[in-house]
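**Q** Listed in order, the protein sequences are those of chains A and B. For the first sequence, counting from 1, position 293 maps to 293 in the working numbering; every step adds exactly one. For the second sequence, counting from 1, position 145 maps to 145 in the working numbering; every step adds exactly one.
In short, the hints are calculated from the structure, not lab data. In this text the structure is predicted, and so the values were computed from the model without any measurement. Mixed in with the good hints, there may be bad ones.
Claimed, not checked - With a straight-line cut-off of 25 angstroms between C-alpha atoms, the simulated SDA-like cross-links for lysine to any residue are:
id	chain 1	residue 1	chain 2	residue 2
1	A	Lys264	B	Val18
2	A	Lys392	B	Ile70
3	A	Lys260	B	Thr22
4	B	Lys80	A	Pro386
5	B	Lys3	A	Tyr267
6	A	Lys69	B	Ile11
7	A	Lys198	A	Lys298
8	A	Lys260	B	Leu97
9	A	Lys298	A	Pro343
10	A	Lys264	B	Leu134
11	B	Lys84	A	Asn381
12	A	Lys69	A	Ile83
13	A	Lys264	B	Thr14
14	B	Lys65	A	Lys198
15	A	Lys389	B	Ile70
16	B	Lys66	A	Ile11
17	A	Lys260	B	Lys66
18	A	Lys69	B	Val18
19	A	Lys298	A	Ile4
20	B	Lys150	A	Val14
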Amino acid sequence: MGYILIGTFVILLVLGVPIAFVLAISGFAAILYEGYPLVVMSQRFFTGLDSFPFMAIPLFMLAGSIMAKGGVTQRIIDFALSIFGSIRGALSHVVASSGILMGGISGSGVADTAALGSILIPEMKRRNYDPGFSAALVAASGSIGLILPPSIALIIYGVSTQTSIGDLFLAGLIPGIVIGIGFIIYSYFVARKYQYPKEDSFSWKKVWVSLRKTILALLMPVIIIVGIRGGIFTATEGGAIVALYSLFLGVFIYREIKIKDLPKIFYDAAISTAMISTIIGATTLFSWLLSSEQIPQKLTQSLLGVTDNPVLLLLIINVILLLSGLFLDSGPAILLLSPILAPVAASIGVDMVQFGLIMVINLTIGLLTPPVGTAMFVASNISGVPVLKLAKNLLPFWLIMIFVLLIITFVPSVTTFVVK
Amino acid sequence: MKKVTKGILIILYTLSVVLMATMLISVSLQVISRYIFGNPFTWTEELARYSFVWVTFIGMTIGVKKGSHIALDVLQRVLKGRSKFILQLINYGLLILFSIALMISGWHLYELGLRQTSPSLTLPMNLVYSIIPLSGLLMIYFVITELFSKKEQKG
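With the hints as extra help, turn the sequences into a complete structure.
**A** Rendered as structure tokens:
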């Protein structure tokens, strides 16, 4: 059955069938082959979704959707501009720093890329930045949202490996910010080389004025982390609270959302949720069939049989994750690979929080690589820069992320300090 | 045909908005009831979970209509002309296959649900499960109408 399952999976994936249906149809084929009752298919699908922790996904999606319409993106950009305006290549630093701040509010790296790109790519074009560089920077900076709390990828990982989502969120903070700072430093060198413009003189007054307009939105990540870690609410409840809070900000404080806009906002969040949760349901079916044949366990064993050198094993794990990220989106990759790789990591003493970050950073790089880098495609669509040219411009950003990834991999204390 | 499709989409749109709002309200109530009333409501979690399941199946169906599901579309972009058309046909065929399987499988689950009620809301489980065969049916409808509109454009 293993061959049917994996064979169908590969063929359908290559044919371009949506990944959710690739998983479901392969599962269907395996069910027919084994003669299992067909009801198993919808039963597994249902069980996978019937989970309270996973509901953090729709609620954080909703919060992100409300924020995007509520004028928060523009306020964050203004705030970043007040800080970096006087530095050479100001707009590029605005992109990277807004990426960090937006990442702390929304759970999806792709949504952040779209939000940042639609405002900043035209702006950078107007100021004669190289289009390839601008698009690459936007894609990379938006993607950090997948590492920073509240991250959909970390939620999926937390649920599927039963690791504390609060711990994961806190641990994601430092790598996310460090990667963003890496982007700022790189952009500074690019800006000096090409003499990119400054925008505005620096004044504390401007920083203060724009900070006052943004501060309520910037409080969001603090509410999330303090609330979840402090045991005040669960991650899912945190999602609801943050969604209510952003609704309050958007409607009453920033006054950019009218009551009649709400249905569309809720609808958008429902659709983006379903694109992820359909995959979760289908993967639940697929992995149930895989584990009924003990396939993940066998793969774990054979990986452990390759070598018992922990450094080598960690490198192998990273390579496997990086390669899977080329073809799979973060959700299915986490759900399919964590049952195989997490036991390997655990056997060499890697903490599950640390491993979660290793996984998610690898898959974030996958957002920026052909052939399925979703963030890359979004940036390419907005900017009109062809994907291959964009990929070339992304190379330095990959290197920065890989550098941070290696630190996370080999210096456990960077992430494990959060574990109580 | 167009009117029917539009009608279905409006119903699905409305349902997904209502269900998202239900999720938001019931999870919020759960926190509020715990801190303000001291004893949390028990039905909120269940209601939210089933809304999530429904949003997923409804959104999956709309996603098929709008072509918004994530796919590895390298082959689609490389091929041209006739071979691209055949590839699209194969993909539509596979989607219909999936939808039929989901519909039948979901129907079996619906039948199992006739004898069950949910633990806290005591909802009949067949009602909860009913969205599964229904979304299978709607996806078949969407794929077939899509095929016809493609054919019309060609002819």
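**Q** Now look at each hint and say whether the structure bears it out.
**A** Hint by hint, here is what the structure shows:
Taking the CA atoms of A:Lys264 and B:Val18, the gap is near 11 angstroms; set against the 25 angstroms cutoff, the hint holds. For the hint linking A:Lys392 to B:Ile70, the alpha-carbon distance of about 24 angstroms falls within 25 angstroms, and the restraint holds. Proximity of A:Lys260 to B:Thr22 is assessed by CA-CA distance (about 18 angstroms); at most 25 angstroms being required, the pair is judged to hold. At roughly 18 angstroms between alpha-carbon atoms, B:Lys80 and A:Pro386 fall within 25 angstroms of each other, so this suggested pair holds.
With a C-alpha separation of about 21 angstroms, the suggested pairing of B:Lys3 with A:Tyr267 holds against the 25 angstroms cut-off. For the suggested pair A:Lys69 and B:Ile11, the alpha carbons sit about 24 angstroms apart, so the restraint of at most 25 angstroms is met. For the hint pairing A:Lys198 with A:Lys298, the CA-to-CA distance comes to about 57 angstroms; that exceeds 25 angstroms, so the pair is violated. Pair hint A:Lys260 plus B:Leu97 does not hold up; C-alpha atoms about 39 angstroms apart against a cutoff of 25 angstroms.
Note on A:Lys298 and A:Pro343: the hinted pairing holds, with a Cα-Cα distance of about 11 angstroms set against a maximum of 25 angstroms. For a cut-off of 25 angstroms, the pair hint linking A:Lys264 to B:Leu134 stands: about 24 angstroms separates their Cα positions. With a C-alpha separation of about 22 angstroms, the suggested pairing of B:Lys84 with A:Asn381 holds against the 25 angstroms cut-off. For the hint linking A:Lys69 to A:Ile83, the alpha-carbon distance of about 24 angstroms falls within 25 angstroms, and the restraint holds.
Distance check on the hinted pair: A:Lys264 and B:Thr14 sit about 10 angstroms apart at the alpha-carbon level, within 25 angstroms; holds. For the hint linking B:Lys65 to A:Lys198, the alpha-carbon distance of about 46 angstroms lies beyond 25 angstroms, and the restraint is violated. Among the hinted pairs, A:Lys389 with B:Ile70 is consistent with the structure: their alpha-carbon atoms are about 22 angstroms apart, no more than 25 angstroms. Distance restraint check for B:Lys66 and A:Ile11: the Cα-Cα separation of roughly 24 angstroms lies within the 25 angstroms cut-off, and the hinted pair is therefore satisfied.
For the suggested pair A:Lys260 and B:Lys66, the alpha carbons sit about 23 angstroms apart, so the restraint of at most 25 angstroms is met. In summary, the hint linking A:Lys69 to B:Val18 is supported, as the alpha carbons are separated by about 19 angstroms, within the 25 angstroms threshold. A threshold of 25 angstroms between alpha carbons decides the hint, and for A:Lys298 with A:Ile4 the separation of about 17 angstroms falls inside it, so the pair holds. Proposed proximity of B:Lys150 and A:Val14 is supported: the alpha carbons are some 23 angstroms apart, at most 25 angstroms.
Hint compliance for this structure: hints 7, 8, 14 are not met, and every other hint is.
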